[in-house]
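Its first residue numbered 54, the sequence shown is counted upward by one per residue in the numbering used here.
By construction, these hints were calculated from the structure, which means they are not laboratory data. Don't take every hint at face value.
Derived DSS-like pairs: lysine-lysine, alpha-carbon spacing no greater than 25 angstroms straight-line [what the hints assert, rightly or not]:
#: 1; residue 1: 88; residue 2: 230
#: 2; residue 1: 56; residue 2: 135
#: 3; residue 1: 180; residue 2: 227
#: 4; residue 1: 182; residue 2: 230
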Amino acid sequence: MRKLLLCISAIGILVSCSSSNTVINSAHPIHELMKTKQIIFEAQSASPMVTSSLNAIADNGLIPSGSTISRIDLNGNTNYLKIFGDSVSADLPFFGERQFGGGYGTDTGIEFNGLPESYSQEFNSNKQKYTIRFQISDTSDLYTIYMEVFPNQNAVVSINMANRNPIRFNGTIKALKEEE
Numbered sequence: 054m055r056k057l058l059l060c061i062s063a064i065g066i067l068v069s070c071s072s073s074n075t076v077i078n079s080a081h082p083i084h085e086l087m088k089t090k091q092i093i094f095e096a097q098s099a100s101p102m103v104t105s106s107l108n109a110i111a112d113n114g115l116i117p118s119g120s121t122i123s124r125i126d127l128n129g130n131t132n133y134l135k136i137f138g139d140s141v142s143a144d145l146p147f148f149g150e151r152q153f154g155g156g157y158g159t160d161t162g163i164e165f166n167g168l169p170e171s172y173s174q175e176f177n178s179n180k181q182k183y184t185i186r187f188q189i190s191d192t193s194d195l196y197t198i199y200m201e202v203f204p205n206q207n208a209v210v211s212i213n214m215a216n217r218n219p220i221r222f223n224g225t226i227k228a229l230k231e232e233e
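Make a model of the complete structure from these sequences and hints.
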């Protein structure tokens with residue numbers, strides 16, 4: 054009898070600890086926000102691809118306080134990725150290595166503004182998230198953007214570049230206002 058009671062309570066604990074799947078309905082505000090194509094992503098942290106060069110930088114104490122080389126805190130830094138209609142623009146910091154020689158200058162971040170190529174946006178009802186994909190180029194690089202937007206307005210942006218190592222940003226989205 055005691056073994057039976059122990060088995061039943063163990064099964065009850067396992068069932069109660071299982072994850073729940075929250076399904077959002079069609080009236081959820083995230084659907085309207087994504088339909089407008091007037092959003093701004095603001096990064097709170099950057100996760101560069103960790104290499105031996107970045108480890109050497111971290112060993113010399115050259116990363117911001119409160120950060121690690123695999124997660125750099127961006128709070129207080131102005132950065133964005135905007136989607137407005139059929140155009141996109143971004144001004145995001147870059148932490149990582151350039152793979153091929155580049156020009157000299159002060160434009161070392163991820164900066165672009167224009168019409169993207171092969172833009173797609175879809176909602177995955179099984180995973181309860183929006184996925185946005187597009188490519189855009191500037192004078193020195195080709196960017197492939199993959200963005201995941203969740204119902205709580207958290208977002209993850211992964212950027213692959215032709216001449217630099219990939220980087221991922223975690224942050225939030227909100228509606229783009231006219232003056233932004």
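Evaluation of the provided hints:
Between residue 88 and residue 230 the alpha-carbon distance is near 15 angstroms, which keeps this suggested pair within the 25 angstroms criterion. Between residue 56 and residue 135 the CA atoms are separated by roughly 60 angstroms; this puts the pair beyond 25 angstroms, and the hint is violated. Restraint check for residue 180 and residue 227: satisfied, since their Cα atoms lie roughly 21 angstroms apart, inside the 25 angstroms limit. Between the alpha carbons of residue 182 and residue 230 the distance comes to roughly 23 angstroms, so the proposed pair stays at or under 25 angstroms and holds.
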